[in-house]
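Residue numbers for the sequence shown follow UniProt numbering, beginning at 1 and rising by one.
Wrong hints could be hidden among the right ones.
Said to hold, decoys possible - In silico lysine-lysine, BS3-like type, Cα no more than 30 Å apart, as pairs:
1. K122 to K164
2. K4 to K114
3. K114 to K162
4. K162 to K67
5. K67 to K122
6. K164 to K57
7. K4 to K122
8. K67 to K164
9. K57 to K114
10. K4 to K57
11. K4 to K162
12. K164 to K114
13. K162 to K122
14. K114 to K67
15. K122 to K57
16. K57 to K67
17. K67 to K4
Hints listed in this document are in silico derivations from the structure and should not be mistaken for laboratory results. Quantities reported herein were computed from a predicted structural model and do not represent experimental measurements.
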Amino acid sequence: MPRKFSVLFICTGNSIRSIFAETLLRNEAGDRFEVFSAGTSPQSDLNPIAVDLLQAKGYDISGLRAKNIDEFRGANAPDFDFVLTVCDGAANEECPSWSGQPVSGHWGQPDPAKATGTEAEKHLAFQQVFGALQNRIRAFAALPFETLDRASLQNRIDDIAKTKD
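Please work from the sequences and hints to get the whole structure.
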């Protein structure tokens, strides 16, 4: 059986976008990936609208929690194959260097917690971010990893970032 690839999704708060990405990839291809998420300045709680959306779509949220990227550093930390930022804040911050030189990418999405308007409009912002990440996760999970070298993988990750949401 081929080894599982290890993926870390990073966002500033680790309360919405990186949690969506972690949940989606685990659901889409958890048999082929070990999936984690973390924040550079994590919130103490997950965003309740994000949690409600995941539950309404039937996802298991029992193991989800906000985590600091420091949990994934040090001797006992996983060696990541991929490190992907999903918010502009985390992409512009000083992130630690990762052992093994993982393929990295930026799949930035707007912060739905900053959406204004009616409750329906706010919920729509969460739905749009979820849908955009779902499209990227599906494209990522469908890559022929066994046939791609590191440079080709990096190009594909970059191409996925350019997909229209």
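### Task
Please flag the earlier hints that this structure goes against, numbers listed from lowest up.
Numbers 2, 7, in rising order.
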